[in-house]
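Full structure from sequences and hints, please.
Residues per chain, in single letters:
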Amino acid sequence: MLSGATLRDAASAARSVADVAPLETAGPDDLTFLDNRKYVDAFAQSRAGAAFVSERLADRAPPGMALLIARDPYKAYARAAQAFYPAPPLASGRAPTAIIDSTATVPDDCEIGHYVVIEAGARLGHRCQVGAQTVIGPQVELGDDCRIAANVTLSHCVIGARVVLHSGVRIGQAGFGFAPDAAGPVKIPQLGRVIIGDDVDIGANSTVDRGSGHDTVIGPSTMIDNLVQIGHNVVLGRGCILAGQVGISGSTKLGDFVMAGGQAGLAGHLNIGSGARIAAKAGLMRDVAAGETVCGSPAVPIGLFMKQVAVLQRLAKKRDGS
Amino acid sequence: MLSGATLRDAASAARSVADVAPLETAGPDDLTFLDNRKYVDAFAQSRAGAAFVSERLADRAPPGMALLIARDPYKAYARAAQAFYPAPPLASGRAPTAIIDSTATVPDDCEIGHYVVIEAGARLGHRCQVGAQTVIGPQVELGDDCRIAANVTLSHCVIGARVVLHSGVRIGQAGFGFAPDAAGPVKIPQLGRVIIGDDVDIGANSTVDRGSGHDTVIGPSTMIDNLVQIGHNVVLGRGCILAGQVGISGSTKLGDFVMAGGQAGLAGHLNIGSGARIAAKAGLMRDVAAGETVCGSPAVPIGLFMKQVAVLQRLAKKRDGS
Amino acid sequence: MLSGATLRDAASAARSVADVAPLETAGPDDLTFLDNRKYVDAFAQSRAGAAFVSERLADRAPPGMALLIARDPYKAYARAAQAFYPAPPLASGRAPTAIIDSTATVPDDCEIGHYVVIEAGARLGHRCQVGAQTVIGPQVELGDDCRIAANVTLSHCVIGARVVLHSGVRIGQAGFGFAPDAAGPVKIPQLGRVIIGDDVDIGANSTVDRGSGHDTVIGPSTMIDNLVQIGHNVVLGRGCILAGQVGISGSTKLGDFVMAGGQAGLAGHLNIGSGARIAAKAGLMRDVAAGETVCGSPAVPIGLFMKQVAVLQRLAKKRDGS
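If you're matching them up, the sequences are chains A, B and C in order.
Residues in the first sequence are numbered from 9 upward in steps of one, following my numbering.
Residues in the second sequence are numbered from 9 upward in steps of one, following my numbering.
Residues in the third sequence are numbered from 9 upward in steps of one, following my numbering.
It should be emphasised that the hints constitute simulated quantities derived from the structure, not laboratory data.
Check each hint, because a few of them may be wrong.
A pair counts as met if it fits within one copy or between any two copies, since identical chains are not told apart.
[Said to hold, decoys possible] Calculated cross-link-like contacts (lysine-lysine; reagent style DSBU-like; alpha-carbon spacing at most 30 Å):
#1 Lys195 - Lys46
#2 Lys315 - Lys325
#3 Lys315 - Lys326
#4 Lys46 - Lys261
Okay, here's the thing in structure tokens:
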């Protein structure tokens, strides 16, 4: 089965579903999922015809619901929902208002929106979609099957295949590089590029600066949420996950599968090991070892952070009593 | 009287003012206000002809100033300033460079700027203003009297009347939804919409993601400042106020009249009661009861926060002395 | 010498370099620099032909490298790199798709990109560059030699000479001004402008609101990074440096040469003295004296902050041991 789930009750095998839907609004023809304990009550009252659920929570299902037992119900649902809702097909062609430099390479199977500007020497892969008003600068390269939304600005970058850039993303502008001087800052020419791997996703209004001398690098399958700032020379490994409004200062390097929660901030020139987890709102000023979880500002290992929170709370309450 | 204020001195009744202005620059023909104790000195030296002021601070006025006693001088000033400076009238019509799909509905009394793109099935209300370069996606609906600035991107949304969207706002893009997997994240198709109530105001470069299955909802009269991130499935009630750079993670629900200070961050799947106040920079990881005020990261009730700050400061100073 | 550095070894005087490059990738014909102790090992192994380096670290150089001893190697490198990479020359002219109001002033030596919109009464200085899709509102003024990137929106502003605005910058929109009211917020008409001094640099997707009654002011040579929010009536002095995602609330005033680290947040109506330093992630709720350094949230002087961090850590560890 596509989703890797097991049907609990053979009698339900003939059941078919017509759509996917959330717990609260799903009806008898819909497939849903339960992933978060917070929603067990909604699950118990759901009218959904079928649901992905873990073994552990399956007995909370209402009578008559077909249960698809999955180790990871959310992932199973994701795969099923992808089958129900494949990405919409391209409407290949170029809007007559798109301005494409004669030296740019844009295959005929791309979909180029209104008022798009594609400058000299840019090269797009097959089946790329480019939304209205987007500007693709000189020499920019895009792999196959990229989806670039509207009002995006790209320059000084090489982008892999199947990359998704949401509206308002800015890639490749000069970063924040200057040497302070009494007569005013002396700007450092920014000479590097941004290299983005395959299957990367970057959220709306996020910004990625070009490298200063090195390149800024975003590894394959990395997911970046909205309003995230990536400074010059930053290197992100494979499969990193950066939630909304994260900021990473110049020249910091992340290994693979690093996660950073919303509004986390990383100082410059740090090394973050693979699999490290940086809590939401953390303010990181030191290197982090592979696999470590850090919280707080200044960020410390999670065990120490929990004790700090507990001791502070205890002291505050004692003071209250005294 | 328009502003609900009372003139203190009948002798000033014949005074007329020609404009509104700040304390420091107002002259004898200007109307100003005093709202913040910080500016009492500037008030005492102001050359303004008239001022809205509270009863309490009225005796700090310079001689000769006509005093308009108001319970809320800022609100009284707001109403007066609105009368002096009504919103500029529309210049109805469509720029010849605007591209409007033949199946879109755009009343003749709308003002559509240069290079605007309005896609299939979109429906605008009367007297909407759409700034240059803005992209309105398929099936998007706008109520009457909306003011959409330049360089805005709208998709998958239904927007009420009198909504103001500042430049660079992104509404309706797919949110941050995927299930982690060793082979790379499995993306969840995002199927919901964004529903925005009447009289909502959203600041420059803010982002509101479409729901994943449910809709993302912004209640009427809610005010959102610049660079704010609203995740998928978030529900904001009526009259909420979100200051700059606030981030709200997916599926969190706010009641009515909730306030969040600048750079506050809310984790996902929380419930925030009506009238709750979330301090600037707070990092919220738990539900908040109606009317409660929380501060800090991790956020705690304000009373406890104040004690935490005090006890920490006391210990740090003691250490200093020892 | 252009960079103010001294050649250590007269035998190297005849050496010439062809390019500038980072430590790790520089070859025998390249000039590089060492500025950060973290990179001493990379320096020792660098194949660069020449390097700017401080007296103190010069003996770590590999044999054969020509050493240019500089008090500030980064600044010396900056000057050298500027000489190697001057800003690209303008391609003066107007894209045929640019829409320029007949009452706007745009000198012939400007470079105006595709689909730019310049509205009534706007005035550009000489040799300004305006990127594709940018919208310049009515009466906006730009000094000479400004570089405005693509997808920028300007209104209600007066901008000095040599100002650089990166893509997605929003200047001059109405700020967050309203008086709360049970029937919904009463908006304050925003009547001021944004005044930007010479040599200012503003990063991608940053936002600067127009003043409410006063003007919002950004002093000359101030550097602002990406995704920064500047509220209405804020005044920044000369040479301030604001790192990524900083937020400054309405009516706060900064003196000259104030520095704020990434994600710092400043409450409204504060006064920050010249030369003050606000740490990354600081949450500032009080005035700061000239030259003072503050950290934490709520922000305190750095000495007190360090003690707070130390005492909390000690108590948390003691608890652990007990």
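Hints not upheld, ascending by number: No hint contradicted; all consistent.
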